Each structure stands twice: as C-alpha cells, then as structure tokens.
Amino acid sequence: MQKKRVLITDLRTREAQEALRYLNANGYAAFTVPENLRLWREKELESWAETLDSDLYAVIHPAPPLFLSPLEEQTEEFFQKAADEGILSAFCVTKVFAGLFRQLGEGVLIYLNSIHAEKPVGRGSLFSMGCGAVQMLAREVNQDYGTHGVRSFFIQRGISETDPDGRSDISNLYYGVNMRYPERKIPAPDALNGLLAFLLSPAAAPLSGSDLRADGGMTMYYGERITKEQLEEIRRQMLLDNRKEVTILGEE
Amino acid sequence: MAKNEERVALVTGSGKGVGAGIVRVLCREGLRCVVHCNSNRTLAEKTLEEIRNAGGEAILLQADVSDPVQAASLVTQTVEQWGRLDLLVNNAAMQYNRFIDQYDVELLRKLWNINIGGYWRMIRAALPYLRRSPQPRIVNIASVHAKRPTCFDAGYAMTKGAIRMFTRELALELGKEGIPVNAIDLGGTRIEFKTGNPPFLSYRPAETRNPHMNGKVRLVMPEEVGELVMYLAGEAASAMTGSCIRLDGGQMLT
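Just so you know, the sequences run in chain order A and B.
Here our numbering is used: position 95 in the first sequence is 95, and no number is missing along the way.
Here our numbering is used: position 92 in the second sequence is 1092, and no number is missing along the way.
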C-alpha cells in the first residue's frame, strides 16, 4: 500500500526534524520543501506544489524558531522580515495546500506553533504577533475549507530543550523551565510525535479546528509547594552557595 | 493624577465610525484630541466640526499609518500642537472581507502593514512622548475576531489575533515604565459604513437561525467604545494592563 505523503514546510526546529524522522519510520512518507524555496513567495510555492503528485495527505507547518527583539530595536526591514517568516509564510502554505486538499476532498493541516500564541515571551512582540495571527488563520481554515474535507489543528507547544533561550529581563517564563514541567525535565524534541500521528489519523476528526495546548502543563506552573522548614533549608543552602535571595510567593 | 483638560489624545482612524465615537467622548471629557484620517477627509471634517460645536478642542491630521514617515509625522505634529501626548488609541484598520483563496500575499501584506504595522509604528513613534506623561496609556482596538474566526475575512482575523499578542507583549515590555497597554475586542458596531463590501453573499441555512432572535442582536455604539477608552485612560484603570476586554453586547454568547 502506498504511504501517505506528509509535507513538513520548515525543518529549522528540532521538533520538525524529529517529526520528519518519526513519520517516515511509522508508515508515512514525510518530506520537506526545497532549500531555496521561500514560503512567503506565493507564486513560487504554488508552482512547486504543482510538481507534487496529487497524493499529498497532510501539511505540517512549524512556527519559525523563537526570536527576541525589543520594540525599540526593531526596524521596518525587520518588521517585514518577521511578517514574511511568520504570517505570510503560513498564509501562502494554507492557501496553496488547503486549496489542493479541497480539490482532493481530503487533507490535514497542522500548525505546529507555540504557547506564544497566548503567552507573551517578553521582548518578543514580533514573534508573538505572528503566532497570534497564525492561530486565527488555523481557525479560519476550519471555516473556509472544513466543508471540503480539510481538517486543521493548531498546536501550542511548550518550550523544548533545543529551543532558543527566551529569557529576558521582563518575564519569568524561560527561567527554570525544567522545574515548570511536572516531570521536572524539559521534554525532548520528539515529545509531540505521538500527538502529530494522532492528528493525522481519521480518529482526530472531531478535534478539527481545535487549539491544542501541548505544553505538558508548563504554563500552569505557579511555584513550588513547600513547608516552612523546607524554605529555611533552601535559604540556608542559598547562603552557603552565596546566591541571591528569591521571592517566595505566599510567604508571610 | 493628570487633569483631563491637560491631557492630549491621538486616536487613529477617528474621522468616522468607531474612532469618531472615541474622540467625541474624550473631547466631551475635556481631553484635547487629534482627529486622524487617511482617505475620507470629508467625514473627518464633519466629526471635527461636531466636536468643536460641542465645545471640544480638537485638530484634524491626515496621514497614512502604513507609511513610516507619515506615521512618525502624525505624532510629531500632535506634540508640536499641544506639547505633549498622553493617550494613544490605535484604531485605524482595513477590512477586505475576503476568504483565504480570495487574498493574495501582496494584499495580505498591505493589510498587515495597516492593521498591525500602523499600530506598531504609532506606538514606537509615540513612546518618547508617552514616557513624559504623568498618566500615559495605550489602547489598541482589536475585535472579537481576535479569538473567534470571522468566516468572511481570514486576513482581518489574523491581524486581530496579532494585536491580541502585541498588546500582551507590550504590557510586559512597557509595564516597568508604567505605561499600561490594553486592547478592546470589539463586536459588531453601528457605523456609517465598512471599509469594504464582501465579494460574496453570506448564507446561513434557515435551520441554523433562531427565529426568536431576529432583530435582537445588540450592536455596540461608537460612543460606548469611547466610554470604555475613557475608563482605560483614567486613574482607576492604572492596574489594568495586557487585558483584552470584550465589548460586544453579548453577541459572542448567542
């Protein structure tokens, strides 16, 4: 039986690379775009898509790697580049391939995006704007193409061990990331492979149009629950280590 | 706390529609306002006249906020006129009413440059002056379509989703400087006309309509948006930042 073909549009993140490997090892034929193809050039993408066989089953569109950029350091050129890589790429991929799936009467679009569609990074306005925009695009796909057999999903993935460092002076989010996960470790880049495989399956049809927060609970983290004795021990250790004091929420 | 009469507000896209409602309320409360327009100067002049006839203080400035030079000039002209800027309300936006396959990438880029780029440019240009204000505020007019899809304009929804995240990011980034940044997720509003007409007819199967609901959709009035902006501009809202407040008369709940 011929393997279902899955296009992964951008392999710059480890999650996307791992997804490619996993899908190829598990019954799919996964591939990516040519290196010189720019996703935001609609006509080029369209021409390339026409060269594909008509058996394309799904497209996974990852968000670009995280970048920080303080508002006042951004330039017009940088603003346009961020638009190219964020929203315009997602739009062109959607228009070209959702259009193709509509003709085929079936297809899956998965936006492998980020918690930054909901949660700010801190100094990451251009990145987060793109995430928020693509989140809405995913919902619109469900409206425009859902009746033509196209399923769409938007994944808000958490921070993984190979993501760029998102620490800034105005947000706690990227500090102690490993401690924010219940398992006390940052998920490996292949952690979402099982979810992707599920979403590609017909069993996921009832979830079409959904936002899936797949962050292992990290954005729900509010701090450690400790006793006063444990707190004193932490303080004692910090003094021994000559480290700065930390804020303990809820301490009287 | 700054007195309203001392404060200066710049509201983009305020020659008509929602923006006009906002400046009418702000001027009624004593703020000095810039009525800003890009293409429809005639309606903006009418808005300005109404404000002045009611005893308000306002000037009219014309600029294309998708142009970096004109956006910066809009801010500097405001400050040249009154010497300060306390409140920036980003409202100017376009809506093309197209499905995904009716957009092309250049039209989407154009929309992005107005609906997001305009907000981005205005905030960057206004920041040096807002920092000098005793009570600075930024309000971004977004839409219920920052969360709920439109089914009639994918590009518009993308820009509104972006504004939601832009607002949250800036609330963090400018929070340490004491500049609250909030958004209003606006629902259907009664205005003169929209910036574009749909190239398609909207059809809902009869069985999806509740006959008892006919005529019961509560549209928001532009002045009601102004009242919320006035609250956000006030001292009472100084702890509110990064919020996206839905103002839709309950439309999203039906």
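If you are wondering where the hints come from, they were derived from the structure by calculation, not from laboratory data.
Just so you know, not all the hints are guaranteed correct.
Covered stretches of chain B, going by a simulated chain A footprint (3 or more residues, C-beta under 8 Å) [claimed, not checked]:
1) 1120-1134
2) 1180-1192
BS3-like mimics (lysine-lysine), calculated; alpha carbons at most 25 Å apart, straight line [stated by the list, open to error]:
3) K1003(B) x K43(A)
4) K1110(B) x K81(A)
5) K1176(B) x K1216(B)
None of these values were measured; they are calculated from a predicted model.
Glycine included, every Cβ here is placed at the ideal spot set by N, Cα and C.
**Item:** Coverage assertion for the region 1120-1134 of chain B with respect to chain A, Cβ distance below 8 Å, three residues required
**Value:** holds (count 4)
**Claimed coverage, the region 1180-1192 of chain B by chain A - three or more beta carbons nearer than 8 Å** = violated (count 0)
**Asked** Does the structure keep K1110(B) and K81(A) at a Cα separation of 25 Å or less?
**Response** holds (14 Å)
**Request:** With a cut-off of 25 Å on the C-alpha distance, tell me whether K1003(B) and K43(A) pass.
**Result:** Given pair K1003(B), K43(A) is violated - Cα atoms ~55 Å apart, limit 25 Å.
**Prompt:** Is the straight-line distance between the alpha-carbon of K1176(B) and that of K1216(B) 25 Å or less?
**Reply:** Distance ~44 Å between K1176(B) and K1216(B) Cα, so the pair is violated.
Hint check: violations occur at hints 2, 3, 5; the rest are consistent with the structure.
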